[in-house]
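What follows is the residue order along each chain.
Protein chains: 4
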Amino acid sequence: MIKVGIVGGTGYTGVELLRLLAQHPAVEIVAITSRGDAGSAVSSMFPSLRGRVGLKFEDPAVANLKACDAVFFATPNGVAMQQAPELLDTGVRVIDLAADFRLADIAVWEKWYGMQHTSPEWVAKAVYGLPEVNRAAIRDARLVANPGCYPTAVQLGFMPLVEAGLVDPGYLIADAKSGVSGAGRKAEVSSLFSEAADNFKAYAVPGHRHLPEIRQGLSRIAGHPVGLTFVPHLTPLIRGIHATLYARITGEADFQSIYEKRYADEPFVDVMPPKSHPETRSVRAANLCRIAIHRPQGGDTLVVLSVIDNLVKGAAGQAVQNMNIMFGFSETEGLWQLPVLP
Amino acid sequence: MIKVGIVGGTGYTGVELLRLLAQHPAVEIVAITSRGDAGSAVSSMFPSLRGRVGLKFEDPAVANLKACDAVFFATPNGVAMQQAPELLDTGVRVIDLAADFRLADIAVWEKWYGMQHTSPEWVAKAVYGLPEVNRAAIRDARLVANPGCYPTAVQLGFMPLVEAGLVDPGYLIADAKSGVSGAGRKAEVSSLFSEAADNFKAYAVPGHRHLPEIRQGLSRIAGHPVGLTFVPHLTPLIRGIHATLYARITGEADFQSIYEKRYADEPFVDVMPPKSHPETRSVRAANLCRIAIHRPQGGDTLVVLSVIDNLVKGAAGQAVQNMNIMFGFSETEGLWQLPVLP
Amino acid sequence: MIKVGIVGGTGYTGVELLRLLAQHPAVEIVAITSRGDAGSAVSSMFPSLRGRVGLKFEDPAVANLKACDAVFFATPNGVAMQQAPELLDTGVRVIDLAADFRLADIAVWEKWYGMQHTSPEWVAKAVYGLPEVNRAAIRDARLVANPGCYPTAVQLGFMPLVEAGLVDPGYLIADAKSGVSGAGRKAEVSSLFSEAADNFKAYAVPGHRHLPEIRQGLSRIAGHPVGLTFVPHLTPLIRGIHATLYARITGEADFQSIYEKRYADEPFVDVMPPKSHPETRSVRAANLCRIAIHRPQGGDTLVVLSVIDNLVKGAAGQAVQNMNIMFGFSETEGLWQLPVLP
Amino acid sequence: MIKVGIVGGTGYTGVELLRLLAQHPAVEIVAITSRGDAGSAVSSMFPSLRGRVGLKFEDPAVANLKACDAVFFATPNGVAMQQAPELLDTGVRVIDLAADFRLADIAVWEKWYGMQHTSPEWVAKAVYGLPEVNRAAIRDARLVANPGCYPTAVQLGFMPLVEAGLVDPGYLIADAKSGVSGAGRKAEVSSLFSEAADNFKAYAVPGHRHLPEIRQGLSRIAGHPVGLTFVPHLTPLIRGIHATLYARITGEADFQSIYEKRYADEPFVDVMPPKSHPETRSVRAANLCRIAIHRPQGGDTLVVLSVIDNLVKGAAGQAVQNMNIMFGFSETEGLWQLPVLP
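Residue numbers (the working numbering), protein chains in the order written: chain A, 1 to 342; chain B, 1 to 342; chain C, 1 to 342; chain D, 1 to 342.
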């Protein structure tokens, strides 16, 4: 039984962490902070937790986070880099669900996130928390940078191809579609029901913050820089990411078999049979990535379909998976709920 | 560990039973039948179950249901009354999620369901499976008639008032709203996305089959016939029922307190604080009924709000709750998942 | 050809006014104001108007509204009472889509709207703009108080019964369901897609601002105070209100016929055949109210179903209808578009 | 004033044709057929048309279609090729909204549509009804093959690039997303609300019937065969197609300007300003295609975003546009309604 804390628990990744951790048999949630809602019961903001989570939000200044074994940051970008180092220095292990420690190149980070990084030394020590790539390093990490939602779906989808060197790495295309919860629980006109329902649009085509993160990940896997066009879209879903990936084949192989072998031992990646079309709802509320591989009309373009729940494998679930690895629990502990369908 | 079978597993109550039973620690699912899909893997119809449910659909004629301790019927109305008696006679305990055994008055049943009842003797032996009313009888039941979705929400909402005799029992109004999954996984134009999305309508106002079931339940509780107007509506939700109940007060009391006391020991009924507005999503995918009581402007009309997930507390979850009671398991075993929000 | 202006054009009633007025053959839109967006093109905020509406938002201080024949206020409550009198004094005719001039009793208004009324003299002169009740007065009105969305659906639904004196006026129930656009284009967490989609809830059960407006309207029609319980609900629709109305019958009559006669000459009220269930989408984007009357099981409770598009007959369309009456145009001019279905 | 008939009026393209034609000032609808619903009022199936369309469905055998100037076929594939020739021979001009006359190569058609073509001679005479390409030929056409929904969005999006020869024609990618109404008003499980809502998936990745149609169109424009990967997706929208198009640049140019010039005189194609992200709702219920061009990070991949309403510019609206051209009406007659937003 470990003690965990959550910094910034009023957003969607926060409430999803609460849902998962409150059902985790080896975890006791001892503190959850919110500057704005300090003093109010968590279950009055999130009635789904009534009778099951008795905590109140605490002011970050008074919450005893240093007594925790692990602290999750479910805060906006730029908070963890300021508050995590003090905890890390006392030996608390930290999992940051924001972007503060994801990009190794500080200059790139500062350009895309529009602020100065206050903790570059911890960027160097942080481990990028994609277990399917970095499991061993995560085990010993003091600080895990939990991947973004799009980067999880796109990297898991492209990885076997890029590792195998069978596609043109200079011309990858990721057409990705996200549910609206990916924009967070922020009061913004563009996320209103009457704006986002019965509507579909691309956004940030000139450049999205997840682009450098995906590029960094795929370039590390490839061993050299990759060229990537990344177009995100807003879809009238609450949860779910569907990445449709295109790559030009440069060498022949049994692509289905390459994927099946690559993920054979992964508990949370499901390579579907040939000709499958994974649906976002087939992973709804579960820590899963389902992938299908197509080669339309036997041509030279490979199409990979990759789906996750952006709040689970794309955020809170992956964070718990990382925690399981860090603390030596079974990797599936507390993450074995079946998807909710319909 | 008990062995269970499911007859008719291709609908929404079937897949929801599978989701819940596959995660139940004391249950082994040994057979699931479907005449039309015999031979195909359950997980190819419902990819959400890939890797977790290895069964194939079997033809009802060959499935060894008699080796089961319990069999669930998730079939259309009229099937269980024909197939359950043979199983019951061999000692298998049966939970019918359809309407075959819900109404004690055979003539009323035949009028509303438009067919002749083939097993009136088992109607007499069946126990109406609303645990909050009939827990003791359910324990020893050989055959449980699992309540309808609307009847669950409406009866739990009205029950404390009707028991206490504090409202005019001749003039109850239930304005109920259901998600589209309540119509089942049947190919019908009226349930198409393009018909039901961004649309709201009442239906069956002249008379809905759940009306006599609710009337029977409330009349039993009251000890005399009640008068009820019941108007169901179709709402663009996948899951969820919201019942808004109106009753004219005939005697003063602390209504909030009456509800809190009535449900104090019920694990799956949550009486919310005064002035609450329960949301359907606060019970999504969970076996819960949340209730709030209002007396607008201190007038003589009481308004009760009652929400459930129609597929869980309104169907499969309640069926598993009944199974837990019948077999002496903890009532919450396998039903303790937190609601999925957002 | 008349010149019209719109004060506050960045909300949903504003853009809907623009859609209707831009297609009205007798209207020239000469000014639209927005303090926050002054200087930017209307079509850059609302791309649906590209190529058709060339206006820019102007600062209210500089817009030449006094040159208009009519000015619409599509502003938050409390704005028109401050800005309309100056225009009215110069002879401009005003239609206020907010609540400032709807309630004759200033004290009641101030209680429900939480502010002091700054223009009680204009409240006395204003005409409540429900054409089916007040057509003659609207014709000569200098200031029209355009009704609220719920009040339109509920009053049109109850009116024939209340006029005929055939139901118990002390015990009316209005269970109303609204699409999310009714909450406006304001950045609020409760209106986010991820909060409102796949969710259903009642709100403001203790008391909603439209309650006194409906009560005032029905009491005027009845000639004495009526008792009303009004429960609004938030539904995952963009547009649409469905009011389900309950009344206890006190005298026998052919209710269907009463409704048909009452609305025989109304171009925008459609009494449907017996046993109908009007759908909100059957009036989507059109200035229509469709009504059906039921008497379930021949009992003593009448159920009336009334649907409108909250942005059209519940707001902008009704405002244009009022304008047509005020300026002697055909009442259907510019309002004859067919509903959009599916 | 011309007389028109509609064969097969019970689907979504049928009701959309009715909505548009009933408001067209130069058209009288004289007949609408449906084998299954002959004798019933159109407005009882589509209450949105109550009071405005007085027709009844007629049996195709008795309907006097030969008295029409123009007949629209809104039938399943394979019907028009059997029934249209007789009408054509009597001088009636025909617009087929299905696929029967879209593909010039009969063998290709028969392979993708799985039936034998019964009217190859009329395939040779048919004009492909994309006005932005074929306006002159449409003017004199006796038979117009109205384009598919995806083909309209994709061809309009790629056309200026392919005409200008500035991208690699061997490696075009069209990632397209459609609302569910594109699947028609057919009772199918996959189109149910509870299947399609809150869900996103690709489908027909191995090959979709619109692929050869798009290829044929772009190859004609290019003057040589093009290579295209086409991946359609099902999105929880009622109406709307969003095509995200990718092409590798082979020559430098001002791409924005090329698009603006190409479509400068087109009333129904809107080239948006640089950096725009067209939304499907910005064309909802209107005969419009909006397009934006991006070159992310100045790289060698061009991204074109193209949106239409699949039932309007993708079906019924384009059919009316073709009719306007064929009969010498103003091309925008009856098609000038503003989009419905929100």
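For the record, the hints were derived by calculation from the structure and aren't laboratory data. These numbers were taken from a predicted model, which means no experiment stands behind them. Careful: at least some of the hints might be erroneous.
Pairs count within a copy or across copies, as identical chains cannot be separated in the list.
[What the hints assert, rightly or not] When the alpha-carbon atoms are kept at most 35 Å apart in a straight line, the in silico DSBU-like pairs for lysine-lysine are as follows:
#1 Lys-275 <-> Lys-66
#2 Lys-186 <-> Lys-56
#3 Lys-66 <-> Lys-261
#4 Lys-275 <-> Lys-125
#5 Lys-261 <-> Lys-186
#6 Lys-186 <-> Lys-275
Evaluated hints:
| no. | hint | verdict |
| --- | --- | --- |
| 1 | Lys-275 <-> Lys-66 | neither (50 Å within a copy, 38 Å between copies) |
| 2 | Lys-186 <-> Lys-56 | both (21 Å within a copy, 29 Å between copies) |
| 3 | Lys-66 <-> Lys-261 | neither (42 Å within a copy, 41 Å between copies) |
| 4 | Lys-275 <-> Lys-125 | neither (42 Å within a copy, 38 Å between copies) |
| 5 | Lys-261 <-> Lys-186 | neither (41 Å within a copy, 38 Å between copies) |
| 6 | Lys-186 <-> Lys-275 | between (38 Å within a copy, 24 Å between copies) |
Hint compliance for this structure: hints 1, 3, 4, 5 are not met, and every other hint is.
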